[in-house]
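**Q** These are the residues of each chain, in order.
Number of protein chains: 4
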Amino acid sequence: MSKYQALKQECYEANMQLNELNLVVYTFGNVSAVDRENGVFAIKPSGVPYEELKAEDIVIVDFDNNIIEGDKRPSSDTKTHAYLYKHWPNIGGVAHTHATYSVAWAQAQRDIPIFGTTHADHLTSDIPCAAPMADDLIEGNYEHNTGIQILDCFKEKNLSYEETEMVLLGNHGPFAWGKNAAKAVYNSKVLEVVAQMAYLTLQINPAAPRLKDSLIKKHYDRKHGKDAYYGQ
Amino acid sequence: MSKYQALKQECYEANMQLNELNLVVYTFGNVSAVDRENGVFAIKPSGVPYEELKAEDIVIVDFDNNIIEGDKRPSSDTKTHAYLYKHWPNIGGVAHTHATYSVAWAQAQRDIPIFGTTHADHLTSDIPCAAPMADDLIEGNYEHNTGIQILDCFKEKNLSYEETEMVLLGNHGPFAWGKNAAKAVYNSKVLEVVAQMAYLTLQINPAAPRLKDSLIKKHYDRKHGKDAYYGQ
Amino acid sequence: MSKYQALKQECYEANMQLNELNLVVYTFGNVSAVDRENGVFAIKPSGVPYEELKAEDIVIVDFDNNIIEGDKRPSSDTKTHAYLYKHWPNIGGVAHTHATYSVAWAQAQRDIPIFGTTHADHLTSDIPCAAPMADDLIEGNYEHNTGIQILDCFKEKNLSYEETEMVLLGNHGPFAWGKNAAKAVYNSKVLEVVAQMAYLTLQINPAAPRLKDSLIKKHYDRKHGKDAYYGQ
Amino acid sequence: MSKYQALKQECYEANMQLNELNLVVYTFGNVSAVDRENGVFAIKPSGVPYEELKAEDIVIVDFDNNIIEGDKRPSSDTKTHAYLYKHWPNIGGVAHTHATYSVAWAQAQRDIPIFGTTHADHLTSDIPCAAPMADDLIEGNYEHNTGIQILDCFKEKNLSYEETEMVLLGNHGPFAWGKNAAKAVYNSKVLEVVAQMAYLTLQINPAAPRLKDSLIKKHYDRKHGKDAYYGQ
Numbered sequence: 000m001s002k003y004q005a006l007k008q009e010c011y012e013a014n015m016q017l018n019e020l021n022l023v024v025y026t027f028g029n030v031s032a033v034d035r036e037n038g039v040f041a042i043k044p045s046g047v048p049y050e051e052l053k054a055e056d057i058v059i060v061d062f063d064n065n066i067i068e069g070d071k072r073p074s075s076d077t078k079t080h081a082y083l084y085k086h087w088p089n090i091g092g093v094a095h096t097h098a099t100y101s102v103a104w105a106q107a108q109r110d111i112p113i114f115g116t117t118h119a120d121h122l123t124s125d126i127p128c129a130a131p132m133a134d135d136l137i138e139g140n141y142e143h144n145t146g147i148q149i150l151d152c153f154k155e156k157n158l159s160y161e162e163t164e165m166v167l168l169g170n171h172g173p174f175a176w177g178k179n180a181a182k183a184v185y186n187s188k189v190l191e192v193v194a195q196m197a198y199l200t201l202q203i204n205p206a207a208p209r210l211k212d213s214l215i216k217k218h219y220d221r222k223h224g225k226d227a228y229y230g231q
Numbered sequence: 000m001s002k003y004q005a006l007k008q009e010c011y012e013a014n015m016q017l018n019e020l021n022l023v024v025y026t027f028g029n030v031s032a033v034d035r036e037n038g039v040f041a042i043k044p045s046g047v048p049y050e051e052l053k054a055e056d057i058v059i060v061d062f063d064n065n066i067i068e069g070d071k072r073p074s075s076d077t078k079t080h081a082y083l084y085k086h087w088p089n090i091g092g093v094a095h096t097h098a099t100y101s102v103a104w105a106q107a108q109r110d111i112p113i114f115g116t117t118h119a120d121h122l123t124s125d126i127p128c129a130a131p132m133a134d135d136l137i138e139g140n141y142e143h144n145t146g147i148q149i150l151d152c153f154k155e156k157n158l159s160y161e162e163t164e165m166v167l168l169g170n171h172g173p174f175a176w177g178k179n180a181a182k183a184v185y186n187s188k189v190l191e192v193v194a195q196m197a198y199l200t201l202q203i204n205p206a207a208p209r210l211k212d213s214l215i216k217k218h219y220d221r222k223h224g225k226d227a228y229y230g231q
Numbered sequence: 000m001s002k003y004q005a006l007k008q009e010c011y012e013a014n015m016q017l018n019e020l021n022l023v024v025y026t027f028g029n030v031s032a033v034d035r036e037n038g039v040f041a042i043k044p045s046g047v048p049y050e051e052l053k054a055e056d057i058v059i060v061d062f063d064n065n066i067i068e069g070d071k072r073p074s075s076d077t078k079t080h081a082y083l084y085k086h087w088p089n090i091g092g093v094a095h096t097h098a099t100y101s102v103a104w105a106q107a108q109r110d111i112p113i114f115g116t117t118h119a120d121h122l123t124s125d126i127p128c129a130a131p132m133a134d135d136l137i138e139g140n141y142e143h144n145t146g147i148q149i150l151d152c153f154k155e156k157n158l159s160y161e162e163t164e165m166v167l168l169g170n171h172g173p174f175a176w177g178k179n180a181a182k183a184v185y186n187s188k189v190l191e192v193v194a195q196m197a198y199l200t201l202q203i204n205p206a207a208p209r210l211k212d213s214l215i216k217k218h219y220d221r222k223h224g225k226d227a228y229y230g231q
Numbered sequence: 000m001s002k003y004q005a006l007k008q009e010c011y012e013a014n015m016q017l018n019e020l021n022l023v024v025y026t027f028g029n030v031s032a033v034d035r036e037n038g039v040f041a042i043k044p045s046g047v048p049y050e051e052l053k054a055e056d057i058v059i060v061d062f063d064n065n066i067i068e069g070d071k072r073p074s075s076d077t078k079t080h081a082y083l084y085k086h087w088p089n090i091g092g093v094a095h096t097h098a099t100y101s102v103a104w105a106q107a108q109r110d111i112p113i114f115g116t117t118h119a120d121h122l123t124s125d126i127p128c129a130a131p132m133a134d135d136l137i138e139g140n141y142e143h144n145t146g147i148q149i150l151d152c153f154k155e156k157n158l159s160y161e162e163t164e165m166v167l168l169g170n171h172g173p174f175a176w177g178k179n180a181a182k183a184v185y186n187s188k189v190l191e192v193v194a195q196m197a198y199l200t201l202q203i204n205p206a207a208p209r210l211k212d213s214l215i216k217k218h219y220d221r222k223h224g225k226d227a228y229y230g231q
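Protein chains in written order, with numbering that gives the first Met the number 0: chain A, 0 to 231; chain B, 0 to 231; chain C, 0 to 231; chain D, 0 to 231.
Simulated from the structure, these hints should not be mistaken for lab results. A few of these clues could be false.
To be verified - Derived contacts from chain B toward chain A, CB cut-off under 7 angstroms, selection only:
(1) G46
(2) T99
(3) I137
(4) N140
Said to hold, decoys possible - Derived coverage of chain D by chain A (criterion: at least 3 residues anywhere in the stretch with Cβ under 8 angstroms from a Cβ of chain A; other residues may be distant):
(5) 83-97
(6) 107-119
What the hints assert, rightly or not - Each pair of labels, with its calculated beta carbon distance range:
(7) A54(B) / N65(C): 21 to 27 angstroms
(8) Q231(A) / D135(B): 28 to 34 angstroms
(9) F62(D) / E19(B): 25 to 31 angstroms
(10) D151(C) / P88(D): 45 to 51 angstroms
(11) G139(B) / D220(D): 56 to 62 angstroms
(12) E19(B) / K2(C): 35 to 41 angstroms
(13) Y49(B) / D212(A): 55 to 61 angstroms
(14) K53(D) / E12(B): 41 to 47 angstroms
(15) Y49(D) / D151(B): 51 to 57 angstroms
(16) Q231(A) / G139(B): 22 to 28 angstroms
(17) N157(B) / D212(A): 28 to 34 angstroms
(18) A227(B) / E19(D): 20 to 26 angstroms
(19) L150(C) / D151(B): 36 to 42 angstroms
(20) N140(D) / G38(C): 31 to 37 angstroms
Positions of the beta carbon are idealized from the N, C-alpha and C atoms, including for glycine.
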């Protein structure tokens, strides 16, 4: 039996969760889960429909994109996942979707403004939208360069990947991450919900103001601060 | 067996109802039910997913926020519920959600205009949106002050909590209440439906007029007036 | 056993259909079915939730609003149904809902323009929106006068109730009818679908043109004309 | 047993799929599957509800619209399907729906701009919207002429039916096709998803730019190019 059985199972369940949360149609999404000790991650095989996916189909890859275990081709976005795991040591899972409202903001090439406490319960910044890549980066090692593009965006906007666990790729769609694969999926859902709320807010009031700093701080801290009192 | 068994069960069922009516994702909502005789209320524990929630997890709290029974931490919004119970003697249940359209109006910081009979079947005023709190109130006893903010809004707009059983908190989301927990959930759903209808109305006709007084009175009275003839 | 057993069953099934088609929340809708021979119709009791509704709860009423059979109070909109049956001899069922997009157009006080073949497959006119009633008619015999308002609207716009089987009541919502209760429900669903399509059309292109006459005629006639070739 | 048993089954399953993917209400859609060897195709019977549809109801028709097998009347859109099969030798299935967002773009008489990679994963052009037909073509052999209109649109815009597997008919709705009936249904769903995303994109940013050529090429080629690396 594979030493990565539990990792594959975690990855499989997170991928199926993506489907149950209505974040994907057909095969338009993928989730991975990392094993830091062994320097590998488990990821969905490319183009396999959710109704046919099985835990044993999950592919094990290392951070240099070598296939360690599995007889299927890994997700075409594997190199982006690998890049994020390699450079962000404290994440345990990554999820990519084409969820409707998230994609709409990405296609509009707009950061999602922080309009309310639903947003501030999860992060204190606008949800960043990385610019589309330069042509030579697209024509080169595209999925690897997608990872670079995300990190460049975070550096430029002075964001911490541990506080802002999601990003939009301009003209493409969302990536989200977290301490494990389930949290990455959770963040993908939060992003989609916040994206819809922000969309509707601007339709009702195009001049809607950003949430004020005191409310951002209050809501983020009561869930994530040192004196957090949300949850058990 | 707990003397609050029936109260916990009422509270549990109302919380599960919130989930079935698509008014919450994850743990973004909470409902409470009051026991006036004993001066306590039952409320959802903080951060517990609906699929794991059980009746025995429900926490019993008094109006000064002391935990009377239960080994879980109560909802982080408990003090707001307590404040409403303390100052509004005729309510039996309170519900708070982050339902999509309700939140969008709250983030837009706009009252929901009374555009039609679906709205007037339930209340005769616009659905009020309370302004975001002053910074010192946010940084202080936030959830307690949220209760104050709601009551101040009702005083300023000259509204009766017995006629207008719902409010939007600017940049946050809706609170609703009623004679019991089930009615508070019902009002949360009505608010969400009316919020969506009002949103669409303004998209079709930005100059759509408010419902005229005669229709407001007719529809409210046929359901709630002294000669009401709606229902059994 | 009641001589109206079959009529009640038809009415019951049509009401439940309303619920399954997502045209109502809670008790915001009602359907009736007529028995022309006996000069009566069956209608949903007022305020009874769909999950509790049973065929034996259905009330039998005559065209002058006398209860002929049943121990429940009939729908508060009964007089409107009665008025339509009395004046439109060729209809067999009437449905009233508060379906979201239909209500939005009614609240916007706008006719729904005929933009496409989905619309023209069912009727050749814009879907009319009757103006809100005069105050004295609202304060008087309201539901009876609602029927008058609908017929006045059809007379003024020179519409045939046999070709245009639906109407919006300004600030209220839709009524639809047809040869029987099931057809009235079908028309309610078609209206909601067409209302959503028209809404989206105007958002994409505020200058979208009405469907041209040749296409209106072609699509209506292939389903309803003397040489119709749609269906079995 | 019919020699077309397998063809009917393929067609039946694709039609049922249309329903499960929420692309149709009532009978507003139809799918066909071709048998090139025998010069016939299988198509849904006209006006039969999905809940009643059975594989043996499927009608077999040749490219000149003669019924070869079946005791039901074929879809009223049969001549359009026949025209496409006759002139496009490499397609195996055709689907027509009245899906909401696709119809909205058709009613708005607008091509759907290529805004993102979800679109470019499937085709490199905007999704074309064919102009409504001239009056004499509508009044003549309408459904046959619909086929002509589609091919004229592709010729005028210099599109390949093998790369662009979908079209909107102005004021009507979408047609999609592919190597078989299942792929035609898949393309109908992709079109609906892309139509919704493009709609939302323009609401958020009316000046949203088209996807740049390098990204169009990259995404299309990684799924469909000679060095494609998507899927198994």
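**Q** Take the C-beta atom of Q231(A) and the C-beta atom of G139(B), compute their distance, and say whether it sits inside 22 to 28 angstroms.
**A** Since Q231(A) and G139(B) have Cβ atoms about 25 angstroms apart, the given range 22 to 28 angstroms holds.
**Q** I137(B) was flagged as interface toward chain A. Is the shortest Cβ-Cβ separation under 7 angstroms?
**A** holds, 4 angstroms
**Q** Do N140(D) and G38(C) keep their Cβ atoms within the hinted range of 31 to 37 angstroms?
**A** violated, 48 angstroms
**Q** Is it true that the C-beta distance of K53(D) to E12(B) lies inside 41 to 47 angstroms, as the hint says?
**A** holds, 42 angstroms
**Q** Confirm or reject the claim that G139(B) and D220(D) have a C-beta distance inside 56 to 62 angstroms.
**A** Holds, at about 59 angstroms.
**Q** Using the beta carbons of E19(B) and K2(C), state whether their distance is inside 35 to 41 angstroms or not.
**A** Holds, at about 39 angstroms.
**Q** Mind checking the hinted window 21 to 27 angstroms against the Cβ distance between A54(B) and N65(C)?
**A** violated, 48 angstroms
**Q** So the hint says 55 to 61 angstroms: do the beta-carbon atoms of Y49(B) and D212(A) match that?
**A** Distance hint for Y49(B), D212(A) is violated at roughly 32 angstroms.
**Q** Would the hint on G46(B) stand, with a C-beta cut-off of 7 angstroms toward chain A?
**A** holds, 3 angstroms
**Q** Identify whether the interface hint at T99(B) stands, where standing means a beta carbon of chain A within less than 7 angstroms of its own.
**A** holds, 6 angstroms
**Q** Check the following: the C-beta atoms of F62(D) and E19(B) are separated by a distance inside 25 to 31 angstroms.
**A** violated, 51 angstroms
**Q** Indicate whether the distance between the beta carbons of Q231(A) and D135(B) respects the range 28 to 34 angstroms.
**A** holds, 30 angstroms
When held up to the earlier numbered hints, the structure conflicts with 4, 5, 7, 9, 10, 13, 18, 19, 20 and fits the remainder.
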